[in-house]
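Protein chains in written order, with my numbering: chain A, 1 to 691; chain B, 1 to 571.
Any given hint could turn out to be false.
Said to hold, decoys possible - Computed list of lysine-lysine pairs in BS3-like fashion (alpha-carbon distance at most 25 Å, straight line):
no.	chain 1	residue 1	chain 2	residue 2
1	A	LYS509	B	LYS568
2	B	LYS568	A	LYS221
3	B	LYS215	A	LYS509
4	A	LYS675	A	LYS691
5	B	LYS515	A	LYS221
6	B	LYS165	A	LYS691
I should point out that these hints are in silico values taken from the structure, not numbers from a laboratory. Computed from a predicted model, the values in this text were never measured in an experiment.
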Amino acid sequence: MENEHQKDISKHAKAQSLWNKELIRFSLRQSIAKLSPRQLMGNPVMLVVEVGAILTTGEMFRYLATSGQGSNFIFTLQISIWLWLTVLFANFAEAMAEGRGKAHADELKKMRTDSPARKIVDGKIMEISSSELSVGDVVAVRAGEVIPADGDVIQGIASVDESAITGESAPVIRESGGDRSAVTGGTTVLSDEINVVVTAAKGESFLDKMIALIEAGVRKKTPNEVALSLLLSGLSMIFVIVVVTVAPFAAYSHTHVSVTVLVALLVALIPTTIGGLLSAIGISGMNRLYEKNVIALSGRAVEAAGDVSVILLDKTGTLTMGARQAATLVPAEGVDAVDLAQAALMASQADETPEGRSIVALCQSKYGLEGKSEIDREEHLFVEFSAQTKMSGVDIGARQIRKGAVKQVADWAGEAIEPQLTKYIDDMSRSGSTPLLVAENKKVLGAIELKDIVKEGIKERLSTLRSAGIRTVMITGDNPITAAAIAQEAGVDDYLAEATPVSKMEYVKSVRSEGYMVAMVGDGTNDAPALANADVAVAMNTGTMAARQAGNMIDLDSNPTKLIDIVEAGKQILITRGALTTFSIVNDVAKYFAIIPAMFVAAYPGIEALNIMHLTSPKSAILSAIIFNAIIIPILIPLALRGVKYKAKSAANILRKNLFIYGLGGLIVPFIGIKLIDMLVTTLHLVSLAK
Amino acid sequence: MTWQGVLQIFVLLIVILPIGKLLSIYMYKFLDGGKTLTDKLFVPIEKKLYRFIGVNSSSEMAWTRYLFILLAVNFIGFVVLAILIALQPILPWFNPQHMGRVPFWTNINTSISFITNTNWQNYSGETTLSYLSQIWLTVEQFLSPVSGICIFLVVVRGFSRSNSKTIGNFWHDFVRTIIWLVIPVSFISAIVLLALGSPDNFSPYIVAHTLQGAKQVIAQGPVASMTSIMQFGDNGGGFFNANAAHPYAAPNVVSLLFQTILGMSVPVACVFLFGKMIKDKLQIKPIMAVMGVLFILGAFLMYHYEATGNPALAAHGIHLASSQNYEGKESRFGIGTSTLFNNTTTAVSWGSVAAANDSMTPLGGLIPLFNMMTGEVIFGSWGVGMVGMLAYAVLTLFLAGLMVGRTPEYLGKKIESFEVKMAVLSMIVPSLAILILSALSVAVSAGKSGIFNLGPHGLTEVLYAFSSGVGNNGSAFGGLNAASPWYSATVGIAMLLGRYPMYIPLMAMGASLAKKQKIPANAGTFPTHGILFTILLMGTVLVVGVLIFFPALALGPLAEQFAAHAGKLFG
């Protein structure tokens, strides 16, 4: 029941829409709380706006107390309101992004409760609390029990419900040895019993790390974000001086510029749009990854994903279907193809492996044979596959049919394979396929070609990556000849054949030493050294603890193709940031044309020539610029949270497009926006319209 | 405007490009261990010089050590200069005119001015300084541009080197540039100037009686040799107060054009040298294009506004046969050549003038002012102009580069927070110095009293002085009591801020880049050699300049121009 509930939340949180009611309520509350200057310290641009808002609010009260300042009071009141709104809008954007992350973290926290653990000490079982476990302890977990801590299965096999973490309802198999031995604390064993050695102490578990990450993603800035913040602070500082020096220049020119107008100019100039949305962009980028079921263990890794130039992909499961599929049947000389198919079908009836099923499917579709349901199973005595015999089959009375590894089946039959068939079998091996031999009653009938089939659409996907400057490398344990054949079929740029843990790591190192950033996916312990050396290392959730610890991202779905999504998500964050920065800065041009003539027209009437938007009055011009400056933030919140669309294309193409939209757009949009707002301000007579 | 006047802008660029390219090949050779024809002559001198100073020219230095020696050499130059000028009344040598005491602030200002390659002169050379003082000024005119080359080399090595903790050897760069480049070229060009009619002597001044019967003192001096290094080194500090407008400094148009080419040669060569050093000639194109287009735009606009003349005349119903604004121009050169020269000497951080900027129309005067406000990157001075442009390139890439979805990189080097910090710092300090010092000057009485013209023109004069100081340009607008203690001190500060706090961060950036691994380019790399980057870079230079200075310019030259259209007069 508990798990059902958690699953619901998880699904719910992932599907939440942008304008979820609860989220908005949370964000509204937070945007007020974030007005505290201590909170704004991390965002100098917005801090400047807040200080400005305080100044104009003071001015407003001064005008209120002075008689004959009605027009100035009305103006300053509205400027103050819009300045406060500017800060609130920025806070709201950040709170929206945080709120979405927080929902994920909360849902994970619910799992982090203490659970009873059955610790094995000297062969005896002790009942303790999960919080008392330490690294190296061994616990026993039965069906229906919650695994008390992160660990590795050292004995037994069990199906485990990991839906609370992955949101995936299908149970997964966890067994000792091999690459599927890692279990996560908080998940539930559904069947059987396993013994688990604890690998992470309380507070350092996978779950703890995930919660910490999602929460920390809210606060910790990534390297590019730090650099961008520096630039924005620098610009803000420059504009503060620009505006402060306007006062003496104006005084020299025998004109007076009020504090309100100076603050308005300053707020219009500093990059409030990007300053207000910057943290939202970063946080929502992490959230987008989470929605794809990827947990980034550091923001740095997400950004690095955008910079990746080389992707290492495992052949099996990523580029190919993983399970080999029966492709052709080759009968031995003098054997009828249908007889071979019949034997192959019967030998595979009880074989529930994907390979076995594919043989059945092939025999049915290609040779029109009956399905297994027609065959009376009672008479059949199935021989299971074992690692020793390397073959499986069936005995039906006197008929003994076997299929399996070429050498073993040939030995079993005690008959040499005729030369023609041997040639076919060799060809199969060379082209990357696996040959199986079929024999009946000491006679070799023929061979089945099991082919590693390249996934549909993978070639197209890899070629788009190539146009974006990303090289793909296939990693495989196959021999170089086989590897080359599959590499060509899948359309990868390079391959690493006969890969060993050391050769994988060396490969990663050598690519990195050329200056490229490398991403790779791994699940096994033998991937760990290479993962530890890669810039973006995605560990499968089904993988071993060693792989998980070496990775800087965890893919909860354990879908190796997702590496491509991760790279795209990384790029998207950077693009969104760059686009809004450019937009924000070129906006200033229009704001200058609104505010400068308004400020100085009293001193030099000729400056009215710069009022190219023909704004009604100085007050309406300044108010319109400030309103535009404020409302552009909420207008762009959806863009910040969703990210600028990214399609793998060459940098030059992407740049041209984004520059057109956000550069040129950023130049033109405010001219139109300010003019429209001015028309509205004029119609509603919000401020004095006197020239 | 005449078509010849417009054509000469393009002719100048067409002539200067191959010269700059040839010069860059030569510079690359003697700086990067290649062989030059002059080695036989110069290598023994070089070796003796190293032995004399007692330095090793082959050991690589960390940038901090490099910088320390550079600053020390600059500082020693400052101290020697300040002492020589202070002791001028009592030193017995080379002072036939018995030049007297120089005011303290003028001394400090002048000494800073010449070590920073500014050559702001708030005194009249021919009536203030002894020949001995002038000689040491000339020594600094040799040394200060070379300091710029050293800064350039450090920054460019940041891009050309990988995984390197060192940044070159100061003595190697400094001494070789002097021996191989500065001395021979200025020697040859002095002879050319001599041939073109400039005098060169240490004689007492000549007293002439004019046809009207008045007495005129005609200053003498080492004019050809001083003009040679003043123009070649983009110093701009001439022997005469009238600078290149003086008949001895530029006796004719040919001489003036020769001087223009001389002054532009090394800044243009530095762009080519950058391409050679990073071994990627494609990268030269956008930078050269941005500099070239801004140069042409400036020259054209300035020429246009001067040829159109003062709008106030028409506003007052005064209609002349030719409306051209001839006030303050040398009639020997005419409007086209005068404006081209003044545009060149402000685009290149040079500061020599052939016409009075104070007499330009408001917008005509805005051009040289804006040339300097952009940070002297339109060719700029020796080395540092190119360095400033690289800082703009780094900023451009950081702003727009994120839009391709990668950590911004330039020339294969990642631009991270340290580089951004340094580039922003180098941008903040000089622009703020101009604004704050100008604002103070129009606020305090010491500053206000030194402004000779009322209204917006006065503000332009103040802005120009500080832009010239910060830009290490040295060009004067005029109309300002620059010799007053207030302006001597504040412009002195401006010159220091525009040199050291502007370029030291960029040297640090270079050193940080040198440590980084180079990232090979691929389809995902932001392309920095095409038209798109050219437009972006130009946009950044213009937008940054406009955003920072628009309010000030609106109250200065823009207000004045609009007022002139309306016929309003000030004062």
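Results of checking the hints against the structure:
no. : hint                : verdict
1   : A/LYS509 / B/LYS568 : violated, 73 Å
2   : B/LYS568 / A/LYS221 : violated, 55 Å
3   : B/LYS215 / A/LYS509 : violated, 83 Å
4   : A/LYS675 / A/LYS691 : holds, 16 Å
5   : B/LYS515 / A/LYS221 : holds, 24 Å
6   : B/LYS165 / A/LYS691 : violated, 62 Å
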